Amino acid sequence: MDERAISLPVKCLSCNEQLTTPIVCDGCHTLYPVPQSADFFDLLSIPRTFALDSESLSRAYRSIARQIHPDTFGGDSIEARNLSTRLSAQINEAFATLRDPVKRAAYILEIAGGPSAIEVREVPGTLLGEVMMLREEIEQAQKSGDEAAMEKHRETITTRREDTLRLIADRADALWEASDEDKKAFRVLLNSIKYFDNLLAELQADPLAAGKDH
Amino acid sequence: MGEKRDIIIGIDLGTTNSLVAMADEAGPRLIAGDAESDDVIVPSVVGFDETGAMQTIGTSARAHAIERPTTTVHSIKRLMGRGFADVEQEIAALPYRVEKRDAATDRDMAEVVIGARSFTPPEVSALILRHLKQRAEKHFGHPVSRAVITVPAQFDDAQRQATRDAGQIAGLEVVRIVNEPTAAALAYGLDRKEDATIAVYDLGGGTFDISILRLEDGVFEVLATNGDTHLGGDDFDNALIALFAEEIRDQFGVEITSPTIKQQLRTLSENIKKRLSDRDEAQIEIAIGNDKVYRKTITRNAFEQMIAPFVIRTLDACSRAMKTASLTPGDIDQVVLVGGSTRVPYVRKRVAEVFNTKPYTALNPEHVVGLGAGVQASILSGIERDVLLLDVTPLSLGIETLGGAMGKLIAANVKIPCQASETFTTFKDGQTNIKINVLQGERELAKDCRSLGVFELGGVPPMPAGLPKISVTFLIDQNGILNVSAKEQRSGKAASIQIIPSHGLTRDEVKRMEQEAITHAREDMAAHHLIDVRTTLAFDLNKVESMLHRHSSQFDETEIEDFRQRIAELRTFAQSCDDPTKINERREAFNHSTLPLAERAMTAALSGSVATDDGDNIQAPPSN
Ligand SMILES: [Zn+2]
Numbered sequence: 001m002d003e004r005a006i007s008l009p010v011k012c013l014s015c016n017e018q019l020t021t022p023i024v025c026d027g028c029h030t031l032y033p034v035p036q037s038a039d040f041f042d043l044l045s046i047p048r049t050f051a052l053d054s055e056s057l058s059r060a061y062r063s064i065a066r067q068i069h070p071d072t073f074g075g076d077s078i079e080a081r082n083l084s085t086r087l088s089a090q091i092n093e094a095f096a097t098l099r100d101p102v103k104r105a106a107y108i109l110e111i112a113g114g115p116s117a118i119e120v121r122e123v124p125g126t127l128l129g130e131v132m133m134l135r136e137e138i139e140q141a142q143k144s145g146d147e148a149a150m151e152k153h154r155e156t157i158t159t160r161r162e163d164t165l166r167l168i169a170d171r172a173d174a175l176w177e178a179s180d181e182d183k184k185a186f187r188v189l190l191n192s193i194k195y196f197d198n199l200l201a202e203l204q205a206d207p208l209a210a211g212k213d214h
Numbered sequence: 215m216g217e218k219r220d221i222i223i224g225i226d227l228g229t230t231n232s233l234v235a236m237a238d239e240a241g242p243r244l245i246a247g248d249a250e251s252d253d254v255i256v257p258s259v260v261g262f263d264e265t266g267a268m269q270t271i272g273t274s275a276r277a278h279a280i281e282r283p284t285t286t287v288h289s290i291k292r293l294m295g296r297g298f299a300d301v302e303q304e305i306a307a308l309p310y311r312v313e314k315r316d317a318a319t320d321r322d323m324a325e326v327v328i329g330a331r332s333f334t335p336p337e338v339s340a341l342i343l344r345h346l347k348q349r350a351e352k353h354f355g356h357p358v359s360r361a362v363i364t365v366p367a368q369f370d371d372a373q374r375q376a377t378r379d380a381g382q383i384a385g386l387e388v389v390r391i392v393n394e395p396t397a398a399a400l401a402y403g404l405d406r407k408e409d410a411t412i413a414v415y416d417l418g419g420g421t422f423d424i425s426i427l428r429l430e431d432g433v434f435e436v437l438a439t440n441g442d443t444h445l446g447g448d449d450f451d452n453a454l455i456a457l458f459a460e461e462i463r464d465q466f467g468v469e470i471t472s473p474t475i476k477q478q479l480r481t482l483s484e485n486i487k488k489r490l491s492d493r494d495e496a497q498i499e500i501a502i503g504n505d506k507v508y509r510k511t512i513t514r515n516a517f518e519q520m521i522a523p524f525v526i527r528t529l530d531a532c533s534r535a536m537k538t539a540s541l542t543p544g545d546i547d548q549v550v551l552v553g554g555s556t557r558v559p560y561v562r563k564r565v566a567e568v569f570n571t572k573p574y575t576a577l578n579p580e581h582v583v584g585l586g587a588g589v590q591a592s593i594l595s596g597i598e599r600d601v602l603l604l605d606v607t608p609l610s611l612g613i614e615t616l617g618g619a620m621g622k623l624i625a626a627n628v629k630i631p632c633q634a635s636e637t638f639t640t641f642k643d644g645q646t647n648i649k650i651n652v653l654q655g656e657r658e659l660a661k662d663c664r665s666l667g668v669f670e671l672g673g674v675p676p677m678p679a680g681l682p683k684i685s686v687t688f689l690i691d692q693n694g695i696l697n698v699s700a701k702e703q704r705s706g707k708a709a710s711i712q713i714i715p716s717h718g719l720t721r722d723e724v725k726r727m728e729q730e731a732i733t734h735a736r737e738d739m740a741a742h743h744l745i746d747v748r749t750t751l752a753f754d755l756n757k758v759e760s761m762l763h764r765h766s767s768q769f770d771e772t773e774i775e776d777f778r779q780r781i782a783e784l785r786t787f788a789q790s791c792d793d794p795t796k797i798n799e800r801r802e803a804f805n806h807s808t809l810p811l812a813e814r815a816m817t818a819a820l821s822g823s824v825a826t827d828d829g830d831n832i833q834a835p836p837s838n
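Order-wise, the sequence lines are chains A and B.
Just so you know, the first sequence maps onto residues 1 to 214 in this note's numbering.
Just so you know, the second sequence maps onto residues 215 to 838 in this note's numbering.
Worth flagging that the hints you see were computed from the coordinates, not collected in a lab.
Because the structure is a prediction, the values reported are computed rather than measured.
Hints may be right or wrong, so weigh each one.
What the simulated footprint calls covered on chain A by chain B, stretch by stretch (three residues with Cβ under 8 Å from a Cβ of chain B suffice, anywhere in the stretch; the number is not a length) [unchecked claim]: (1) 71-77; (2) 104-111; (3) 189-197.
Partial chain B-side listing against chain A, Cβ under 7 Å, derived [stated by the list, open to error]: (4) I593; (5) V601; (6) K629; (7) P631; (8) Q692; (9) I695.
SDA-like, lysine to any residue: derived pairs with alpha carbons at most 20 Å apart [stated by the list, open to error]: (10) B:K537 with A:M150; (11) B:K757 with B:L689; (12) B:K537 with A:R154; (13) A:K103 with B:L623; (14) A:K194 with A:S116; (15) B:K622 with A:V34; (16) B:K537 with A:N198; (17) B:K537 with A:A201; (18) B:K407 with A:S63; (19) A:K103 with A:M150; (20) B:K476 with B:I462; (21) B:K407 with A:V34; (22) B:K407 with A:R62; (23) B:K701 with A:D182; (24) A:K194 with B:K622; (25) B:K476 with B:D492.
Quick reminder that beta carbons are idealized off the backbone N, C-alpha and C, glycines included.
Only chain A is shown next, with the shape it has when bound in the complex:
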């Protein structure tokens, strides 16, 4: 785990209370803009690790959301209200990113200095051939309305996705000290998740989803 110190006003500038999160004072509710150096883990005051338990993540999010939500700054200055809105948007983004294991892994890779999905577009060597074959079989099953075959594909792809996610989980917390080569390999794994997601979306194509706006 990375042990970078959070560099920010450690004490509240208004009441001199010790700050437990970089953006709000527990004691007097003074808000602070997000410091440049702070990442999503800092924002939610949680350990910088992939192995998060979703219960404690939710609890951390709710506790901070409660303190900074604009509804609790109704009687304050327009600046305080605007800051609370912006901060809320930022912790909502932090929570949405860290809650989802794939997004969380990608985020850790990003802050660990790994390559982005634009820089490295590769997927594992055998994946493309595998995906092409699967896609053909799915199309066949869809055409013939073979529900059993569709269900079988759904299971296969879900399992493949879970296996890949397990590899990702195993390596994520080692990214901080990983070599460039390992970081690149991690990105390649992440890229393959997208292929599985696309296949699953094709299998679950919901004709109603498109008809939402009338």
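Place chain B with the ligand on chain A using the hints.
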């Protein structure tokens, strides 16, 4: 935080009915019209006279809907924040006149035309809001200036803005826009300490919302919302109306065109819907002119078949919401019903099936949103400190990209407040303006989404094409309303943004309407005042006339003749003069001059020379 603030009221501004709530330490309560009546519902109906002066609001306005269909405005919420083209179909079903607003811009808006006056939908809604505001002020005994207003969860940015504009026109600062199903969940979960997953099924007059929330440690977290802004209990009524109209055509060869008969059919259909909730069949009878009477018996079974397609659409939305939240029916602990249409047994039955649980019905489905608005008001005023609401945006937000696609920036069902940034540049050398078409919706093509308006970035430094970098931040706030800011990256200077709303009012227009609303209210009040003053005068004159008649033996001929003549003169004067003060002055002078007469009549009566009757016992004149 902490200091005592002005009171905030909570308002449920519905398509059919509206309510106003307050909240204090004792919790939320709905405010009734007067102390004697516990009637908290205000029908969202505004009655005008032929000139377009507002006359009545609520129950009394609704009572006149059948006699005065063209000057009685209902269902205005359906037109809020929408373009004329969007609502053309709905307008056909409305008995009052709606036209395309003649604005010198390319904005597309509808307006209601009554006599010589025209009203944008926010102006009509403002009349209802003002009525609710006054109801609250009467209750508190002091002015109220801030409100929470609820809207359907599926309302887009333009519809939310229109609601906020309506508040401002009514003299209310709208401190928060809350989604109706979320408000209902607040009311439901207020006294509950245990964690739970709640589905709120909200079938209103014109809109359908389904929201799924997680209630934990006093935090109400919306997990997913779905719905349809064009699906509601009105569709049930319309199905009945269409059936009746068709049968009348077949049986009598008569086409229903009269607004009065249309309105009668609507009222009958609403009643049938209610009756079939506890009976197996209902009859109607309607005179359609020329001694022809249409009679019909509708069974509950037939009614259910008629409404099934609409109910199934709501159930599909429920399934989509559960899927978004990654939940199955087994995860839902409670289903809360909102909206009058959820009283229909068939709706309850099907909802119970889709969630595999019996809906919670202890809360009045027509009160629960209003109460929730009260809870949110108490959160904002710092009375309720243990509860917090975390809502989501119902629709994806994006921009039109080259080639007319929708470039998504923020996905639907993302927690609000939320923000996204995008960098824009120029296509021509020296270009100093950039136009961005901002969209909401789930479709792939820009033309199939709602355009919120064109955002024009100004003050771009003249540079070769592609060099300027303008970073634009789109922020959706806790009200679900979009705020846009822009910065030129090289200079770090804020770029100016001018917003041309597609279907909304500009800030200046809203300010002007706020002023006009006050002037109109004064004019309308003055008109009412004049009528009242004339009525009082007529009452006084009649009284003197009858006294002269009954006590004629006490007065001499010339006295009587003199008074008769002055009475006639005053009557003519009252009709020709439209200054209430002058009329009142003349009335008072006249009354003063009759005092000796009244005394003589009284003395005579007391001495027993003349028998009095109850006719001139003192009565209170109509108040003015
Ligand atoms: Zn402090």
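Query raised in the report: Okay, which hints does this one fail, numbers in order?
Result: Hints 2, 3, 5, 9, 11, 15, 19, 21, 23 and 25 are the ones this structure does not satisfy, whereas the remaining hints hold.
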